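Colleague: So the chains spell out like this:
There are 4 protein chains.
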Amino acid sequence: MAGNSFGTLFKLSTFGESHGTAIGGTIDGCPAGVEIDFDLVQQDMDRRKPGQSAIVTQRKEPDTVKFLSGIFEGKTTGTPIGFIIENSNQKSKDYSHIKDTYRPSHADFTYDKKYGNRDYRGGGRSSARETACRVVAGAIAKQVLGAMKITAYTSSVGDIQLNKTYQELDFSHTEQNAVRCPDPATAEKMEAYIKEIRSQGDTVGGVVECVIQNVPVGLGEPVFDKLHAQLGKAMLSINAVKGFEYGSGFSGTALKGSEHNDLFNENGSTKTNLSGGIQGGISNGMDIYFKVAFKPVATVMQKQETINSKGEKVEMQGKGRHDPCVVPRAVPIVEAMAALVMADFFLLNKISKL
Amino acid sequence: MAGNSFGTLFKLSTFGESHGTAIGGTIDGCPAGVEIDFDLVQQDMDRRKPGQSAIVTQRKEPDTVKFLSGIFEGKTTGTPIGFIIENSNQKSKDYSHIKDTYRPSHADFTYDKKYGNRDYRGGGRSSARETACRVVAGAIAKQVLGAMKITAYTSSVGDIQLNKTYQELDFSHTEQNAVRCPDPATAEKMEAYIKEIRSQGDTVGGVVECVIQNVPVGLGEPVFDKLHAQLGKAMLSINAVKGFEYGSGFSGTALKGSEHNDLFNENGSTKTNLSGGIQGGISNGMDIYFKVAFKPVATVMQKQETINSKGEKVEMQGKGRHDPCVVPRAVPIVEAMAALVMADFFLLNKISKL
Amino acid sequence: MAGNSFGTLFKLSTFGESHGTAIGGTIDGCPAGVEIDFDLVQQDMDRRKPGQSAIVTQRKEPDTVKFLSGIFEGKTTGTPIGFIIENSNQKSKDYSHIKDTYRPSHADFTYDKKYGNRDYRGGGRSSARETACRVVAGAIAKQVLGAMKITAYTSSVGDIQLNKTYQELDFSHTEQNAVRCPDPATAEKMEAYIKEIRSQGDTVGGVVECVIQNVPVGLGEPVFDKLHAQLGKAMLSINAVKGFEYGSGFSGTALKGSEHNDLFNENGSTKTNLSGGIQGGISNGMDIYFKVAFKPVATVMQKQETINSKGEKVEMQGKGRHDPCVVPRAVPIVEAMAALVMADFFLLNKISKL
Amino acid sequence: MAGNSFGTLFKLSTFGESHGTAIGGTIDGCPAGVEIDFDLVQQDMDRRKPGQSAIVTQRKEPDTVKFLSGIFEGKTTGTPIGFIIENSNQKSKDYSHIKDTYRPSHADFTYDKKYGNRDYRGGGRSSARETACRVVAGAIAKQVLGAMKITAYTSSVGDIQLNKTYQELDFSHTEQNAVRCPDPATAEKMEAYIKEIRSQGDTVGGVVECVIQNVPVGLGEPVFDKLHAQLGKAMLSINAVKGFEYGSGFSGTALKGSEHNDLFNENGSTKTNLSGGIQGGISNGMDIYFKVAFKPVATVMQKQETINSKGEKVEMQGKGRHDPCVVPRAVPIVEAMAALVMADFFLLNKISKL
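Residue numbers (our numbering), protein chains in the order written: chain A, 176 to 529; chain B, 176 to 529; chain C, 176 to 529; chain D, 176 to 529.
So here's chain A without its partners, still in its complex pose:
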């Protein structure tokens, strides 16, 4: 209830600060008998980890998961899956420059006011390091989902947009470039832009798009836990996210009903899919697709005026190795959160009918 758990039946709880001993989590409710492919877990971890390419932070963290329980002889046992990821560089740095300083558009101020104290090293709990735990759990969740397939990719960086629908794309290109855009030409422009921004000591935002395919009909628990409501919450809970839309989204608001309605084929599929695969909060078997907006990273390598905890003006400048754009590393996090949502609803749906 203090907000560090996600899900009802397939439930992830995470703990850990950026520079504590370790971060970690527990997955409670993973059904027994799932054969775990550990390579798939590490693969997703590697897609998220720092230092993976020239356009992300150059910090070095091995990000190796250590599973502590819940898996025996390669299979889940139905008991909680505990895991930790050690913080390899926990002791290395001097944080005195931010100890009493509230960095602009960071959570330093709000954590301090809410809790009265905070672990100021590297952002503490508010650091995006916590999302590594989500990627671990998401990689397990994917293995529960069977044929369902979750694919995310970068669809804009700054004002460079990928102006193609997901059907026009070849997802096999996504992981072939550092920015994770499945259109090679656009990817090149995005990469060049990120490099330029970084050379200015600045940062930039972007959008991740995600598609979920082979979804069974029936997932989602109206009226409050609608499939898209839970997907939205999942995405908005990721660091730096400012918006979520699915199907026709904001642009659909300008359409007429006669244009927006998805007419049925005789087999129950629909001719169009402005609904984004969800009707009344329940999957209808069509592809689910949505967009997630990420703001520009708040840590810029430029001088900024700010205040300290006494309310005095101070000047500060970002130090260290930070991402100029979070979007490339956010792609596996978006997939992970989507997988958690889908696994939870997949299990809940098993008891909709007697």
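Since the hints were made in silico from the structure, they are not lab data.
Take these hints with a grain of salt, some might be off.
Since the list gives no way to pick out one identical chain from another, each pair is judged satisfied if it fits inside one copy or across any two copies.
[As the list claims (entries may be wrong)] Computed cross-link-like contacts, DSSO-like style, restricted to lysine-lysine with a CA-CA straight-line distance of at most 27 Å: (1) Lys241 <-> Lys274; (2) Lys478 <-> Lys431; (3) Lys446 <-> Lys485; (4) Lys494 <-> Lys431; (5) Lys274 <-> Lys235.
Just so it is clear, the structure is predicted and the values come from calculations on it, not from any experiment.
Let chain A serve as the given structure and place chains B, C and D on it in line with the hints.
Modeller: The following block gives chains B, C and D in isolation, referenced to the frame of chain A:
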């Protein structure tokens, strides 16, 4: 867990179908000692109710709330507040034409597949009639929030947009026009457009914007129950919603960090507010503002081809009195859901520190 | 979270005060497609209702349930089942004599201190009238349980004990006497004793025993939601309950392991059943049996010294029509709570394995 | 929901198997600003750990807690407190003799049937080793409770009973003997009996009694989460527990109301305390006291006939170092679970009134 409850400490559960005996709900966790102003409850109900103006559905429903428990001698007692709203027109209609028909972009198909049967009268549980219960609970929640002020209004209908920030608006105009747009000139255009659309037997979408003012610092429970994540879920759980963004939203993704960062004043407020009043998932004391996208109503008064439950092609046409645009009636629903979220986090925050 | 909900998937929430307009509840999570036998519901209501025999309170309340949602054409739809029971005698009485008085061993004092105010009419929320809602929900739960059979009965009243194991009893006798003891000779003694106690203006406690048969292996969710832990909580949440034990219970603590262990038959059943049908918090397929201790009713028809809300000594005497012993009417409540627990675990167990 | 979490606001989740890499847990919802005394944590761990005296299992496990997060510069930060306890002897043993064998009155059979597979090493998840995590969390919870004082002790072993009320005891003796009975003479008899039982290769059960003092009025959340209902669930969730009673308990059922009622003093305290400090599920400020029944340990060092997973008869004999009686080591576990319950209700009560 079957999705009909919302909130952790200030918790609403709802029940009821569009044409059953009654809809209703329970608020569990409202603190004791709150003096309830019943007029404020009815006022919000009247803002949501059908038949209130020329541009909404002409159905007549008195929508009177009957409180059954939890309030004694005008004050809450700390015990659950049960309430019902009777369905006055429950027996009046013939639904045989939609009994076996799946209306396009409605939840008929998904409910039927998920549950194996459904109450087909007027959409049953998937009808937006359920949101009346949210308005009741939201009106109670507002009375828990003290100085916090929640104000929603229509910011677009179709492609008619209110191109002003909330700071440029005079909210006292909002309730003076049927469309609930605080800019009289734009309101007039919106109303005219809705009437035109209706005369075509068609419908249109729109956007509701909401501002929350006088928010204490500290509301929100990271890492999963971030204030904006829960607001997003709340909004996405409302019928017909397709998207949510707060602060700079999707447009903020095109900015650079140096442009997007909100620099502090010495008192902890910020010079700009692209963050939308939330940092790291916790309110920072600045105004919270967000946008909610509503799709066009699926029921159009035009012939549409569709299928029945046997997978046969059938033709259908919307009957009865439906909204050509949900946005004017959605304004109090958006406020209500925002109030529920804020009340819950307001209570949770009381135990952040020992 | 304010304590008025019970269960995870099959979840009951209740509301209502003894003398408000109505009491009621919502069952969220009942699977779709359950054919509801309303007579069975009323039958259990009649077993609990006041005025049913000469040894219970002579208040007259019809206790008719009005289902408001979630059941359509005789079957559950998977949406929440809302129901109310009107309080027929809500306006009839004068409560000024207890308005400011704290009755000994009642909840008047604790409610007042916790909440700062209370509905003093007839005990308000703390009245056992609330358990009528549990009986409704339990009667629905029983219809989800298929072959599982839940049978409760009175096993002691004061110091009159039924010294037989449940295997020695013929349950068809239980409902043939007012005290609900399946042994006619003991039942007679218990009835006589209750009448004698009542003639003294006094009350007496007792024990209810409950047996659950035809239980599938696998129900229960360790480590915290063990089957017996949840059964214990369920029973202890009933008004006036002071203790719970299952299987060998307190008397089993005096045994040696070599005497207490239940050895297996080849088919997985056990030769003895001191375990009470549960191993490690999970049902093992043997009968589950447990005992529930009820204290004597606190309202006695004798003068008692007590205090008022100002801390002044006052004298009071119970008025009205009260039960001299709650046990006969508690039998269906024990069954109902057991049914809620079993239905919840029955659903949860469907997702233990992939 | 898969049962590995306990509590609403002060919430413990545990993971880990007896012979996996580590066991551990997360406390989510501990308020910020609590100064943690780590010695008190280790002290409680030492009271639970194996090998502490001649009458408990002689296994050697250091049972050192490693806190991973949520505590910074000696104080809680309001973020989740993650911790692990490494399993030092995880690889040392050969479990082939129980791999396919269902030990009588153990959870081998039920886990195997429920989940389809299980970690058979040392009982896996069903081992009482998991309770070490509860002791860690309980020791933290105690530090949230301020003046409240939780004291448990052994009140019976087999049929040797401590026939004194808690008021007649000097708790300073409890930790002075291996059996944790505050009456030295009785303690001696209990110890001798445990040694005798062990020499027979047998085991024995017992009862732990617990007293909670200096409790504020108002803790408990009726109607389902009554203080004693949650205490009961907490206790029944401990391995080997068969029963729970509080206040007058089962023996109170034989009393008359006129004998059982606790009359008030003018200051709101009561002259007697058969209620056990709880009225209507809410603490009334008097001492809370309850009893917990523990069955004899199932692992006996005698030959027993049992079955294997194919349903074939096999003979087995307990090996290794097991407790002849769990009660002495259960004392700190009972305290820990009580502390978790009280901390949760203590926080919940802060929002009962506006």
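Colleague: Between Lys241 and Lys274, at a C-alpha cutoff of 27 Å, which is it: within one copy, between copies, both, or neither?
Modeller: The answer is between: 25 Å across copies meets 27 Å, while 31 Å in one copy does not.
Colleague: Measure nothing new, just compare the shortest in-copy and cross-copy C-alpha distances for Lys274 and Lys235 to 27 Å and report within, between, both or neither.
Modeller: within (23 Å within a copy, 43 Å between copies)
Colleague: When no copy is specified for Lys478 and Lys431, does a C-alpha distance of 27 Å or less occur within a copy, between copies, both, or neither?
Modeller: Classified as between: cross-chain Cα gap 15 Å, same-chain 49 Å, threshold 27 Å.
Colleague: Check Lys494 against Lys431 for me: Cα-Cα at most 27 Å, and say if that holds within a copy, between copies, both or neither.
Modeller: between (51 Å within a copy, 18 Å between copies)
Colleague: Indicate which option fits the pair Lys446, Lys485 if close means a Cα-Cα distance not exceeding 27 Å: within, between, both or neither.
Modeller: between (61 Å within a copy, 18 Å between copies)
When held up to the earlier numbered hints, the structure conflicts with none and fits them all.
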